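Trainee: For the sequence shown, the UniProt record's numbering begins at 1 and goes up steadily by one.
None of these hints come from the bench; they were simulated from the model. Here the structure is a predicted model, which means the values were calculated and not measured. None of the hints are false.
Taking lysine-lysine pairs in the BS3-like style, the calculated list, with each CA pair at most 27 Å apart, reads:
no., residue 1, residue 2
1, Lys56, Lys43
2, Lys43, Lys67
3, Lys43, Lys93
4, Lys43, Lys94
5, Lys43, Lys78
6, Lys93, Lys78
7, Lys56, Lys78
8, Lys67, Lys79
9, Lys56, Lys84
10, Lys90, Lys67
11, Lys79, Lys56
12, Lys90, Lys43
13, Lys56, Lys90
14, Lys90, Lys71
15, Lys67, Lys94
16, Lys43, Lys79
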Amino acid sequence: MNGFLTIRNHPDETQLVALTSVSNSGLIMIEEGELRGSSIIFKPHYRVSHPLVANKMPREMSRSFLKNGEKLLQSVSKKSVDGKNEHISKHYKKIVNIEFL
Numbered sequence: 001m002n003g004f005l006t007i008r009n010h011p012d013e014t015q016l017v018a019l020t021s022v023s024n025s026g027l028i029m030i031e032e033g034e035l036r037g038s039s040i041i042f043k044p045h046y047r048v049s050h051p052l053v054a055n056k057m058p059r060e061m062s063r064s065f066l067k068n069g070e071k072l073l074q075s076v077s078k079k080s081v082d083g084k085n086e087h088i089s090k091h092y093k094k095i096v097n098i099e100f101l
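Make the full structure from the sequences, and use the hints.
Mentor: Below you can see the structure in the form of structure tokens.
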């Protein structure tokens with residue numbers, strides 16, 4: 001899955017964040033949320049999928065990111081069409097600093 005993260009950064013307003021992602025399995029999704037301190041909670045606002053995978057799409061979904069020092073925690077909660085709830089967590093650790101021009 002590949003994606004782009006966009007942050008509307010105005011000091012006097014809420015920092016709105018959008019995550020646009022595309023997968024090679026036929027899923028396009030735009031998730032939106034607010035940046036609050038070191039966390040972001042996304043809710044899907046646009047989802048479209050290839051007809052062959054449309055029946056596997058969750059009915060509800062939310063994704064959050066929480067930064068704690070050098071670590072990043074991603075949590076995903078999904079509710080399937082049959083009512084089953086799934087929760088997945090991934091932990092990331094910063095391993096290198098990238099120097100920009």
